[in-house]
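Undergrad: Put together the whole structure using the sequences plus the hints.
2 protein chains.
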Amino acid sequence: MEYNFSDRLKTLEGNAIREIFSLLSRPGIISFAGGFPAKETLPVAEIGRITADLLENGGAQQLLQYGGTEGYSPLLESALEYARRTGIRETSVKNALIISGGQQGIDLVFKAFLNKGDAILVEDPTYLASLHILKTYEGRAYGVKSDDDGLNIEDLEKKIKAYKPKILYVVANFSNPTGKTLSLEKRKAIAALTAKYGVIVIEDDPYGELRFAGERLPSIKSMDADGNVVYVTSFSKTIAPGLRTGIAVADEQIIRKMTIGKQATDVHTSTLSQAIIDGYLRRGLLNPHLKEIIPVYKTRKDAMINAIRCYMPQEIAFTDPDGGLFLWGEFQNGFDVDGAFKEAVAETQTAYVSGRTFFASGDVTNTFRLNYSMSGVEQIDIGIKRLADFFKKKIAKKIAK
Amino acid sequence: MEYNFSDRLKTLEGNAIREIFSLLSRPGIISFAGGFPAKETLPVAEIGRITADLLENGGAQQLLQYGGTEGYSPLLESALEYARRTGIRETSVKNALIISGGQQGIDLVFKAFLNKGDAILVEDPTYLASLHILKTYEGRAYGVKSDDDGLNIEDLEKKIKAYKPKILYVVANFSNPTGKTLSLEKRKAIAALTAKYGVIVIEDDPYGELRFAGERLPSIKSMDADGNVVYVTSFSKTIAPGLRTGIAVADEQIIRKMTIGKQATDVHTSTLSQAIIDGYLRRGLLNPHLKEIIPVYKTRKDAMINAIRCYMPQEIAFTDPDGGLFLWGEFQNGFDVDGAFKEAVAETQTAYVSGRTFFASGDVTNTFRLNYSMSGVEQIDIGIKRLADFFKKKIAKKIAK
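Just so you know, the sequences run in chain order A and B.
Going by the numbering used here, the residue at position 337 of the first sequence is 337; the numbering climbs one at a time, nothing skipped.
Going by the numbering used here, the residue at position 117 of the second sequence is 117; the numbering climbs one at a time, nothing skipped.
Honestly, the hints are just simulated from the structure, not real lab data.
Since the structure is predicted, the reported quantities are computational estimates derived from the model, not experimental observations.
Treat the hints with care, as some may be off.
[Stated by the list, open to error] Chain A residues, not near chain B, derived (Cβ > 10 Å throughout):
{"#": "1", "residue": "E90"}
{"#": "2", "residue": "K94"}
{"#": "3", "residue": "D147"}
{"#": "4", "residue": "D148"}
{"#": "5", "residue": "N152"}
{"#": "6", "residue": "D155"}
{"#": "7", "residue": "I294"}
{"#": "8", "residue": "I308"}
[Claimed, not checked] Label pairs and their calculated CB-CB ranges:
{"#": "9", "chain 1": "B", "residue 1": "P27", "chain 2": "A", "residue 2": "R283", "range": "25 to 33 Å"}
{"#": "10", "chain 1": "B", "residue 1": "P27", "chain 2": "A", "residue 2": "D226", "range": "37 to 45 Å"}
{"#": "11", "chain 1": "B", "residue 1": "I29", "chain 2": "A", "residue 2": "E252", "range": "25 to 33 Å"}
{"#": "12", "chain 1": "B", "residue 1": "G14", "chain 2": "A", "residue 2": "C310", "range": "52 to 60 Å"}
{"#": "13", "chain 1": "B", "residue 1": "Y142", "chain 2": "A", "residue 2": "N4", "range": "17 to 25 Å"}
{"#": "14", "chain 1": "B", "residue 1": "Y142", "chain 2": "A", "residue 2": "Q253", "range": "29 to 37 Å"}
{"#": "15", "chain 1": "A", "residue 1": "S92", "chain 2": "B", "residue 2": "L290", "range": "39 to 47 Å"}
{"#": "16", "chain 1": "A", "residue 1": "A162", "chain 2": "B", "residue 2": "Q253", "range": "36 to 44 Å"}
{"#": "17", "chain 1": "B", "residue 1": "G87", "chain 2": "A", "residue 2": "D302", "range": "52 to 60 Å"}
{"#": "18", "chain 1": "B", "residue 1": "D336", "chain 2": "A", "residue 2": "A52", "range": "47 to 55 Å"}
{"#": "19", "chain 1": "A", "residue 1": "E252", "chain 2": "B", "residue 2": "D336", "range": "29 to 37 Å"}
{"#": "20", "chain 1": "B", "residue 1": "G198", "chain 2": "A", "residue 2": "P218", "range": "52 to 60 Å"}
{"#": "21", "chain 1": "A", "residue 1": "Q253", "chain 2": "B", "residue 2": "I29", "range": "26 to 34 Å"}
Positions of the beta carbon are idealized from the N, C-alpha and C atoms, including for glycine.
TA: Printed below as a string of structure tokens:
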């Protein structure tokens, strides 16, 4: 039969990045396109031990049974404690909801607040999944200008006034895609402005613990005097993404609506996943693990920045992040790096992600994102050189025309 | 601040059954209100062994890493094979999507097809979560009359014509809440009628493998000539609900839209959960496990039916299911068993679920659901006697008035 799909999904294509994975799984490709944690850093042995202990324990049946939508009680406590590392003051589990990965947190806040046609603001560029999820709620996204230290505050206020958004979505630490971090002053300004205008903030913080330079900054949520900030984080980048476990922290009323929304989709997050994460946190394994993995990310980021300095043409400006998984390139001469993607992969066997899909407007073609977490130092050097050679050749051609 | 929640969640309360759990967790209560599998039947030791093997294996990193939204490839194959036990002919994994429990399957089909205000049909009464999820899409549900062997086909056609529904939601085997099973003829009629009128069918089959009497019947999906049936099942009742893993089987176009919808919420189902279920299926543990647990359910169902025959007043008609977890009582004299719930629990320390929330219209007050999977035989006898005494007293009072 001919299917009459819903308006929200009728024309919606898959998330652009997940869609190019098949292209990139070919052997020999050096991919800077992904956004996974380095697989060598995943704590397989520890999780094996924790799981064995959990399942040999007398209470193991509970881990295989249905659980509360709010989350596995021990994890609600330990994950809230984890979130409090960012200065969050909430201490009651009534302010917390266990989610099936950080992305579900975004989905549930949208579900709780957005009607069709409602506006949200995002940093331009922003994490593309937030734009993708928004489409399933038939909302409208408007981009706020971005400075070196994140959101431009004047533009934020201007756009709050112009579009009356219900939600501001922001990644405060080592943003995906740019690697930028919001300054302390800007965090304060965002907390104050959004409270003033009654805008809900989704503070998405998947990378905050992966800081390898500079000083730790308090979360926007820690400055939330009015209950308008929802803090969302996950254990995907710090422990293991495959377990699909995270936490949202917000006002009790918001948590209640998010819980009802979650009840209506996956009922609750895998109890076994939750218990594993809880075991990991309670055994004090996280800090030593971070101490091990942060140098891995730093080494790779440094290798990429060095290779960029060596090989890349002057016409591209790059960010140099203090943490996280990504850095960002921008052609100052307007080169169409978006259109060149397929040719670049074919010719260089090296992949980036075009920045286009990270913009609310979707029409910026001179930017690209590079991931440094998934490749070794040597590969990073080779891949950046290959891309640099390709870009130089293309730029030279463009000038020759 | 005062929150301006979305229309879909503004007035939506939690799923009625999950909400009464807190009431029922008090010690000493005999609860026939839940719907969990018997916890003694959860295969803790086998899952412990499978998990240990998985995590000691060289490829274990993959189980902790991000995976494809479609599902973990080995499980896509083994779970599709599992679904094919119902006569389903699909053999390509392009017709399958791994879901985070059966309920997510319902959510994703609604997401793929329903706009605000769209109509769906359900059996009256039906699984209440389908009505709850529908509210998050602002759809309208209409009830189709139910005979002893499920949906009334004349009423179904009448209501298809009257309401032009996009979707029919049906539990073909041992329905929740009534325990009824659709006859073979009715399955054929539903497949034919819905194809004729272009109605999508969600065939939700969580209990099909828990048959302890009568003959196995082919799924409606196995009779689907036009690609309008989505088959949804999970491993929650046959292996372990806490792992939140199931499968949907449908036309490739529908699976594609559901996949895009899933991408926008939990990205993918816990990889570790998926690998555990796959290991369980591939080791051939399911059939021996079913052989062990089905007699447990049968014994408990028989105990409940016996107690009902001994103690319950004639004024209540009960179903006597061939499988699943539930049976259904209906007061022939119109007694308000819904209104009597709190008093019944307080006086008898025994709980049922009022049938009211299982009806699309929500205004039926003389029915109730009893679960027999979560109590031992002795408790079942005691609990039914207590409820029977309470009901007799109430009926006598009513007549005396």
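Undergrad: Holds or violated: 52 to 60 Å for the Cβ distance of G198 (chain B) and P218 (chain A)?
TA: Holds, at about 55 Å.
Undergrad: Between Y142 (chain B) and Q253 (chain A), does the beta-carbon spacing fit 29 to 37 Å?
TA: About 32 Å separates the Cβ atoms of Y142 (chain B) and Q253 (chain A), which means 29 to 37 Å holds.
Undergrad: Over 10 Å to the closest beta carbon of chain B is the bar; see if N152 (chain A) clears it.
TA: 24 Å, holds
Undergrad: Just checking, I308 (chain A) versus chain B, shortest CB gap more than 10 Å?
TA: Its Cβ never comes within 10 Å of chain B, the nearest being 26 Å, so this holds.
Undergrad: How does the Cβ-Cβ distance of G14 (chain B) and C310 (chain A) compare with 52 to 60 Å: does it lie in that range?
TA: 58 Å, holds
Undergrad: S92 (chain A) and L290 (chain B), beta-carbon distance inside 39 to 47 Å?
TA: 43 Å, holds
Undergrad: Quick check on a hinted range of 52 to 60 Å for G87 (chain B) and D302 (chain A), using CB atoms only.
TA: 59 Å, holds
Undergrad: Against chain B, does D148 (chain A) keep a CB gap of more than 10 Å to every residue?
TA: 30 Å, holds
Undergrad: Check the following: the C-beta atoms of E252 (chain A) and D336 (chain B) are separated by a distance inside 29 to 37 Å.
TA: Holds - the Cβ-Cβ distance for E252 (chain A) and D336 (chain B), about 34 Å, lies within 29 to 37 Å.
Undergrad: Regarding I29 (chain B) and E252 (chain A), is the given constraint of 25 to 33 Å on their beta-carbon distance met?
TA: Holds: the Cβ-Cβ distance is about 27 Å, inside 25 to 33 Å.
Undergrad: Measuring Cβ to Cβ, find out whether D147 (chain A) lies farther than 10 Å from everything in chain B.
TA: 27 Å, holds
Undergrad: For the pair P27 (chain B) and R283 (chain A), does the Cβ-Cβ distance stay inside 25 to 33 Å?
TA: 31 Å, holds
The structure agrees with every numbered hint stated previously.
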